[in-house]
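> Go ahead and model the full structure; you've got the sequences and the hints to work with.
Residue numbers (this note's numbering), protein chains in the order written: chain A, 1 to 261; chain B, 1 to 288; chain C, 1 to 353.
Keep in mind that the hints were calculated from the coordinates and are not lab data. This one's a predicted model, so the numbers in the text were calculated from it and none came from an experiment. Treat the hints with care, as some may be off.
[What the hints assert, rightly or not] Examples of chain C residues toward chain A, derived with CB under 8 Å:
1. H89
2. G99
3. S102
4. P106
All C-beta atoms, glycine included, are put in the ideal place defined by N, C-alpha and C.
In case you want the letters, here they are:
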Amino acid sequence: MDRALRYVWGLLLALLYGFLLLPLVVVVFASVSGGQVLRFPPEGFSLKWYARFFSDDTFISALWLSLRLALVSALVVSLLAVTSALFYRRLSARWRGPFRALVLLPLLLPEILTAIGLLFFLYRLGLGSSLFGLQISHIVVTLPFSFLAVTAALQQVDPTLEEASASLGAGALETFARVVLPMLRPGLFTGALFAFIVSFDMFTMSFLLKPVGGNTLPLALFDYLKYDFDPTAAAAATISVAFALVVVLLVERSVGLRRAF
Amino acid sequence: MTRSSIWGTGLLGAPVLMLLFVFLVLPYGDMIAMSFRTPANGAPYGDAWTVANYFRAVGDPFYLGVLGYTLAVGTLIAVLTLMLSYPIALHLARVGDRWHVLFYICVVSPLLIGVLVRNFGWMIVLSFSGPLNQMLLGLGLIQQPLRLLFNLPVVVLALVHVFLPFMVLPITNALRNIDPALEEASNSLGATPWETFCRVTLPLSLPGVLAGVTLVFALAMSAFVTPALLGGQNVVLMPTIIIQQLIGAFAWPFGAALAMVLSLAMLAEIGLLTLTMRRLTRRIGRWS
Amino acid sequence: MAHLEIAGLRKAYKSSQVIAGIDLSVASGEFFTLLGPSGCGKTTTLRCVAGFIAPDAGDIRVGGASVLAMPPARRDFGVVFQNYALFPHLTVAENVGYGLRSRRVPRDDMARRVGEALDMVQLSELKDRLPRELSGGQQQRVALARAIVIQPRLLLLDEPLANLDARLRQDLRWLIRKVQQAQGATAIYVTHDHAEAMAISDRIAVMRQGRIAQVGTPRDIYQRPVDEYVAAFTGECNTLVVRVTFKGDGGRYRVAVADTELPVGGPLDLSVGADCRLLVRPESLALAEAGAAALPVRLDSQIYTGAGQRCEVLTADGQRLVFQVPVRRQLAPGDALALAIDPDQAWLMKSAP
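Shown next as structure tokens:
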């Protein structure tokens with residue numbers, strides 16, 4: 001009886017995990033299909049859809065834009081996260097909660113609300129449908145991830161280390177550069193990677209704030225799917241997935257996934 | 001604090017505070033303000049102020065109906081997600097270190113691949129020539145391929161799929177915080193595994209459950225892309241309507257009012273849920 | 001080397017006055033210890049000197065000049081922390097050289113001085129290791145080397161041995177003393193361990209609830225404590241309630257205890273008829289030879305300790321004393337004994353107010 005129960009349990013888990021992975025698996029396999037039509041299981045194996053993708057100007061420029069947005073977001077957000085984390089640490093307990101809530105607001109509120117608010121506001125500033133506006137919105141929305149990672153890392157830094165550094169003659173800046181920053185590196189790295197991925201895959205925000213004539217990769221894919229339903233789209237999708245996988249592996253290698261959260 | 005360190009603190013906080021004030025606080029404020037403006041022809045909004053948008057948002061039976069529909073769908077999704085997530089969370093909480101990473105990636109994978117790729121995957125799976133139809137045909141359960149897309153069940157399925165990680169992770173955390181000795185104690189006192197689960201494990205995991213349910217419910221109520229892609233014209237939820245007003249009809253004030261109404265409804269239901277759960281979680285509060 | 005003066009130091013946290021007025025003066029090259037139980041303010045005092053805490057009132061002067069306005073980085077003091085505070089991402093050599101690098105010491109000079117410091121603490125072979133690869137005792141030696149290599153004006157040690165086991169504590173305390181003497185450094189040491197304090201200090205300040213109870217050499221503190229608190233904190237002690245019956249010259253007195261009169265020593269300012277406490281350390285008590293002036297007592301209990309017999313006796317008026325008796329003496333509870341008290345070691349203390 002016990003054994004039968006365990007089999008059922010195992011089967012249930014297998015189904016559930018399978019459910020989780022299903023769309024992903026399907027898309028990846030469809031992207032290497034040898035046939036003409038988007039189907040699964042694919043007929044034959046071919047990389048022609050990737051060739052199609054890389055020769056398609058709309059997709060390539062969209063990929064480019066997504067990469068640029070994501071890189072800039074990751075860099076700016078990392079810098080901001082460091083100053084914010086240091087600032088947060090200096091705040092008295094009374095102000096910490098509100099500040100943290102402020103930074104995490106884009107995470108706490110539905111993305112659609114943040115997108116709408118920015119849509120109105122940027123329009124009134126004359127920045128509606130501009131690249132700058134889109135970049136700023138990506139920064140605001142990815143900052144929480146980096147902030148969480150960096151503050152967690154900063155909390156692990158033993159304050160007596162900074163006292164020791166000061167007692168040995170190092171001023172505040174030197175102490176930060178030689179003692180604190182090296183210890184923040186894993187958190188910074190994790191935060192930057194998550195910011196990159198979130199920016200790269202962001203849809204709703206980019207949809208509402210799309211710059212004139214420009215498209216991010218998710219938006220290009222969306223447009224494409226409205227008219228064509230062929231494996232080129234699957235190739236585009238798989239490339240997004242590949243990026244995500246690289247990010248996860250990098251985080252796992254450097255910090256370990258358990259510690260990252 | 002010394003004077004120099006107050007300057008230092010100011011310097012550290014200024015960039016972030018300025019950025020967030022200008023590009024977060026003001027936009028939210030703008031949205032609230034927008035909901036009180038009058039509509040205009042040829043421009044997104046007019047010059048005067050009015051409360052009419054709200055009356056229309058709550059008074060018009062169509063919009064009220066959509067709101068109720070959205071609330072119901074959100075609740076359904078939260079419940080379904082919970083039912084599917086709990087077994088996964090149990091597994092993830094108990095699995096050994098070596099396997100943990102693998103399963104963790106599996107759980108988080110829907111999040112990492114982006115909303116578009118996910119929905120695209122479902123579109124392939126459920127299309128006419130997709131694997132599900134093929135399987136059903138092959139098993140002889142149907143004679144012709146079914147039109148599986150563009151209906152509510154598909155939207156619910158896809159949303160549950162993406163929200164699973166958001167439910168699994170908090171519950172896993174709560175489960176891992178439960179002292180294993182408690183379950184051993186329960187067993188030693190004669191309780192069956194099922195009893196131990198119902199009387200010890202489940203109650204102690206409630207804080208995580210509450211966190212997950214709140215999160216998923218909020219996410220479900222604000223989902224836009226998935227209903228648009230997989231539901232099309234047949235699934236009309238609040239976010240869809242709101243975006244229509246903003247992008248399609250260019251009626252920003254009304255769209256903003258609808259967004260505010262949606263947010264308030266969401267907060268109300270979450271508040272209600274938290275209050276009712278508080279009585280349950282108060283006893284367990286110290287462990288959460 | 002500089003000398004340290006603390007005047008009128010005060011510090012309060014929320015509602016408690018952690019430091020309630022401290023004045024002391026440490027000579028150049030002296031090894032000065034702050035001794036007291038946890039919560040007495042000794043660590044807070046040290047951290048004020050180091051500059052990590054700003055006092056509410058008072059002054060701290062080193063070499064004649066006040067250091068209060070200076071941040072820790074500019075005070076030029078070497079600090080050794082209880083939890084070692086070694087930089088985990090730097091090697092032993094890099095840790096030791098950290099302060100030198102801040103002072104822009106040229107590379108060759110730095111390597112040489114780091115090498116010398118590591119030799120002094122006997123860790124030269126480990127110079128390329130990381131802190132997590134070292135034992136607690138080794139880490140503390142690195143911390144010591146790091147603090148002295150910068151040739152600080154003051155060496156501040158905050159219970160550096162508290163996290164180590166008893167054997168290591170014994171070994172390392174000698175190393176600390178040796179290093180301090182070799183460098184001629186002025187050192188302020190904080191500890192709650194009286195044996196440690198007495199073994200290595202030139203002078204000790206016994207602290208209690210934010211104030212100094214007594215300052216003196218280890219001998220002074222141990223043999224001539226100013227009150228019961230200091231006496232109890234520095235070693236095992238017996239105190240008897242006595243009354244002064246006669247005051248002689250130069251601190252000689254006679255006191256009455258339980259119908260017996262005894263000659264003892266004491267501070268110069270006691271008066272006849274005063275009720276005082278008499279300190280009689282166990283080592284100052286012995287079974288009296290026949291005929292000698294002695295205190296009659298009754299044996300209450302005795303415990304065999306291997307090295308001797310630990311006896312508890314009661315005086316005629318019910319006061320309790322503890323002392324050691326050689327093993328070969330046969331004793332039984334209830335025996336009437338005569339206790340000889342060494343008049344040179346017995347010391348009078350004022351009663352607590």
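> Check the structure against each numbered hint from earlier and tell me which ones fail, lowest number first.
4
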